[in-house]
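S.K.: Given next are the chains, with one letter for each unit.
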Amino acid sequence: MSAPAMGTSKTAHSDSSNKKKKGPGTLATAYLVIYNVVMTAGWLVIAVGLVRAYLARGSYHGLYYSIEKPLKFFQTGALLEILHCAVGIVPSSVVLTGFQVMSRVFLTWAVTHSVREVQSEDSVLLFVVAWTVTEIIRYSFYTFSLLNHLPYLIKWARYTFFIVLYPMGVAGELLTIYAALPYVQKTGLYSITLPNKYNFSFDYHTFLILVMVSYIPLFPQLYFHMMRQRKKVLGHVEEYSKVE
Amino acid sequence: MKHYEVEILDAKTKDKLCFLDKVEPNATIGEIKSMFHKSHPQWYPARQSIRLDPKGKSLKDEDVLQHLPVGTTATFYFRDLGAQISWVTVFLTEYAGPLLIYLMFYFRVPFIYAPKYDFTTSKHWVVHLACMCHSFHYVKRLLETLFVHRFSHGTMPLRNIFKNCTYYWGFAAWMAYYINHPLYTPPIYGEQQIRLALIVFLFCQIGNFSIHIALRNLRPPGSKTRKIPYPTKNPFTWIFLLVSCPNYTYELGSWLGFTLMTQCLPVAAFTLVGFIQMTVWAKGKHRSYLKEFRDYPTLRSPILPFIL
Numbered sequence: 001m002s003a004p005a006m007g008t009s010k011t012a013h014s015d016s017s018n019k020k021k022k023g024p025g026t027l028a029t030a031y032l033v034i035y036n037v038v039m040t041a042g043w044l045v046i047a048v049g050l051v052r053a054y055l056a057r058g059s060y061h062g063l064y065y066s067i068e069k070p071l072k073f074f075q076t077g078a079l080l081e082i083l084h085c086a087v088g089i090v091p092s093s094v095v096l097t098g099f100q101v102m103s104r105v106f107l108t109w110a111v112t113h114s115v116r117e118v119q120s121e122d123s124v125l126l127f128v129v130a131w132t133v134t135e136i137i138r139y140s141f142y143t144f145s146l147l148n149h150l151p152y153l154i155k156w157a158r159y160t161f162f163i164v165l166y167p168m169g170v171a172g173e174l175l176t177i178y179a180a181l182p183y184v185q186k187t188g189l190y191s192i193t194l195p196n197k198y199n200f201s202f203d204y205h206t207f208l209i210l211v212m213v214s215y216i217p218l219f220p221q222l223y224f225h226m227m228r229q230r231k232k233v234l235g236h237v238e239e240y241s242k243v244e
Numbered sequence: 001m002k003h004y005e006v007e008i009l010d011a012k013t014k015d016k017l018c019f020l021d022k023v024e025p026n027a028t029i030g031e032i033k034s035m036f037h038k039s040h041p042q043w044y045p046a047r048q049s050i051r052l053d054p055k056g057k058s059l060k061d062e063d064v065l066q067h068l069p070v071g072t073t074a075t076f077y078f079r080d081l082g083a084q085i086s087w088v089t090v091f092l093t094e095y096a097g098p099l100l101i102y103l104m105f106y107f108r109v110p111f112i113y114a115p116k117y118d119f120t121t122s123k124h125w126v127v128h129l130a131c132m133c134h135s136f137h138y139v140k141r142l143l144e145t146l147f148v149h150r151f152s153h154g155t156m157p158l159r160n161i162f163k164n165c166t167y168y169w170g171f172a173a174w175m176a177y178y179i180n181h182p183l184y185t186p187p188i189y190g191e192q193q194i195r196l197a198l199i200v201f202l203f204c205q206i207g208n209f210s211i212h213i214a215l216r217n218l219r220p221p222g223s224k225t226r227k228i229p230y231p232t233k234n235p236f237t238w239i240f241l242l243v244s245c246p247n248y249t250y251e252l253g254s255w256l257g258f259t260l261m262t263q264c265l266p267v268a269a270f271t272l273v274g275f276i277q278m279t280v281w282a283k284g285k286h287r288s289y290l291k292e293f294r295d296y297p298t299l300r301s302p303i304l305p306f307i308l
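Protein chains in written order, with the working numbering: chain A, 1 to 244; chain B, 1 to 308.
What the hints contain is simulated information worked out from the structure, not anything from laboratory work.
Quantities reported herein were computed from a predicted structural model and do not represent experimental measurements.
Worth double-checking, as some hints may not be accurate.
Said to hold, decoys possible - Here are the computed distance ranges between Cβ atoms for each label pair:
(1) A:M102 / B:K224: 38 to 48 Å
(2) A:Q119 / B:G154: 56 to 66 Å
(3) A:V213 / B:E24: 28 to 38 Å
(4) B:L202 / A:S93: 39 to 49 Å
(5) B:N234 / A:S114: 51 to 61 Å
(6) B:G222 / A:G25: 45 to 55 Å
(7) B:K227 / A:F73: 36 to 46 Å
(8) A:Y198 / B:L242: 32 to 42 Å
(9) B:L9 / A:S93: 26 to 36 Å
Said to hold, decoys possible - In the SDA-like style, the derived pairs of lysine to any residue whose C-alpha atoms are separated by at most 25 Å in a straight line are:
(10) B:K123 / A:F106
(11) B:K283 / A:V87
(12) B:K285 / B:L142
(13) B:K163 / B:A46
(14) B:K285 / B:L265
(15) A:K232 / A:F99
(16) B:K285 / B:F275
(17) B:K291 / B:N217
(18) B:K163 / A:S93
(19) A:K186 / B:K285
(20) B:K163 / A:S214
(21) A:K197 / B:A27
(22) A:K197 / B:T185
Glycine residues also receive a C-beta, built at the ideal position from the N, C-alpha and C atoms.
Assemble the whole structure, with the sequences as input and the hints as a guide.
M.R.: Written as structure tokens, this is what we have:
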């Protein structure tokens with residue numbers, strides 16, 4: 001699911017170092033640190049943008065427009081993470097990471113950007129806030145992990161905030177897609193009808209409905225996976241020292 | 001004759017699962033699996049993986065106890081492969097689906113297209129030709145499964161049948177929907193295109209069948225031997241000079257022909273996905289050949305001459 005893309009990396013951090021795992025080399029580590037720092041900064045910019053716009057306007061309405069460009073830039077930039085897995089400098093599954101990033105990119109471009117009428121919906125704010133908080137925590141988590149100085153607070157936040165942020169993000173996404181449906185149907189956006197020389201048709205409206213339906217099996221699986229990860233990582237709080 | 005003692009441990013937990021004494025030195029792994037099955041009836045031989053090392057490769061059924069690097073008390077590790085289903089069953093199911101599904105669309109069975117088209121037939125003769133080709137292809141596959149192929153493995157994991165059938169049945173329905181649609185558009189270049197496509201299709205069907213026969217003849221009935229395939233008197237097998245898995249090469253050709261014949265994007269998509277999968281298989285097979293045979297012909301590529 002796209003909501004808080006909590007990442008698929010099973011290795012919290014230090015427990016992988018005593019296995020015979022071939023981690024990224026020094027150059028790759030340096031690159032990844034820079035990448036994660038830049039992404040943390042980017043989502044902070046979005047967070048600040050949201051707060052400033054809210055304070056300036058005095059309402060939650062239409063805040064999307066104030067952070068539209070950095071949102072598109074940094075969310076799309078996350079596509080690099082698929083490359084990181086493919087090349088092997090990050091130990092996550094290419095398929096799982098690809099799926100999560102693509103679903104975010106899909107919502108950003110193929111729904112919110114493409115259907116102008118939903119941009120002023122409050123549901124957009126709902127998922128943007130969820131994504132922003134999640135990503136700030138997630139990217140700082142990776143940054144600190146790579147530098148082998150992970151504050152317990154960040155680890156705790158990463159494995160706890162999702163409990164609220166994930167459903168919040170999912171709700172925002174579903175409501176946004178739902179809001180887009182009538183406009184997509186009316187305009188035939190991204191749809192192809194028969195007859196045509198490729199003997200192919202595509203109904204974007206039906207496709208969006210199927211996407212919404214797919215949340216039903218997928219969301220619980222991802223949510224409970226994070227729950228299990230939480231127990232594993234935070235469960236032994238008494239045994240691990242607070243300084244990693 | 002000195003008898004062996006065999007103990008079987010769980011590969012993950014290292015628990016002692018079974019102890020067999022007075023085992024003949026010339027007993028095969030297959031026979032040991034049968035003995036193990038007696039004490040653990042839920043693990044029939046097909047779902048047992050027996051290895052010398054918990055993380056090692058599975059031993060073959062034909063391996064003989066006294067030829068293995070074990071002492072007179074042999075320790076083996078067991079892993080459950082999960083519920084198994086026979087290759088023949090999977091093949092028959094996954095191929096029967098497309099055959100029947102396509103025909104349902106061809107005959108425009110109710111609830112697929114608008115009611116006024118129920119049980120009507122297409123006015124384009126290429127649609128009839130396509131149905132004949134598609135049906136012929138899957139009938140050929142079913143018959144080959146029953147009478148031609150000699151499978152190395154008896155079984156595969158049960159979950160594969162759901163995965164495979166979804167793939168074959170899903171794509172068949174998707175393709176058939178458009179080809180047999182009342183608003184289907186025949187190929188741009190008309191008769192010329194269709195004729196060329198048919199020639200390519202038939203040529204590759206014969207080619208693919210020739211390769212299957214040649215591979216079958218490499219292997220005596222009931223055996224699992226592996227030999228290097230070589231060109232035979234049949235010209236369709238001369239492609240073995242350039243390619244390790246010409247069955248896949250011809251299969252790709254057949255579907256390219258069918259794509260050209262129907263000029264249908266979903267067919268092109270099916271051809272592409274199939275090509276990617278077959279290339280993965282061909283590369284694996286090619287690598288196994290190179291590993292197993294020192295004198296393997298160097299001119300051969302896995303699936304496309306000189307290219308891939």
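S.K.: Look at each hint and say if it fits the structure.
M.R.: Right, here's what the structure says about each hint:
1. A:M102 / B:K224: 38 to 48 Å: holds (42 Å)
2. A:Q119 / B:G154: 56 to 66 Å: holds (58 Å)
3. A:V213 / B:E24: 28 to 38 Å: Because 59 Å falls outside the window, the suggested range is violated.
4. B:L202 / A:S93: 39 to 49 Å: holds (43 Å)
5. B:N234 / A:S114: 51 to 61 Å: Hint holds: Cβ distance 55 Å, inside 51 to 61 Å.
6. B:G222 / A:G25: 45 to 55 Å: Hint holds: Cβ distance 52 Å, inside 45 to 55 Å.
7. B:K227 / A:F73: 36 to 46 Å: violated (58 Å)
8. A:Y198 / B:L242: 32 to 42 Å: With a Cβ separation near 33 Å, Y198 of chain A and L242 of chain B satisfy 32 to 42 Å, so the hint holds.
9. B:L9 / A:S93: 26 to 36 Å: holds (31 Å)
10. B:K123 / A:F106: Violated, at about 40 Å.
11. B:K283 / A:V87: holds (21 Å)
12. B:K285 / B:L142: The given pair, whose Cα atoms are some 23 Å apart, holds under the 25 Å limit.
13. B:K163 / B:A46: holds (20 Å)
14. B:K285 / B:L265: violated (30 Å)
15. A:K232 / A:F99: Distance of about 24 Å is within 25 Å: holds.
16. B:K285 / B:F275: Holds - the C-alpha atoms of F275 of chain B and K285 of chain B are around 15 Å apart, at most 25 Å.
17. B:K291 / B:N217: holds (22 Å)
18. B:K163 / A:S93: Holds. K163 of chain B to S93 of chain A sits at ~20 Å (cutoff 25 Å).
19. A:K186 / B:K285: violated (52 Å)
20. B:K163 / A:S214: Judged against 25 Å, a Cα distance of about 18 Å means the pair holds.
21. A:K197 / B:A27: Violated. K197 of chain A to A27 of chain B sits at ~64 Å, over the 25 Å cutoff.
22. A:K197 / B:T185: At roughly 6 Å apart (the allowed maximum being 25 Å), T185 of chain B and K197 of chain A satisfy the hint.
The earlier numbered hints that this structure contradicts are 3, 7, 10, 14, 19 and 21.
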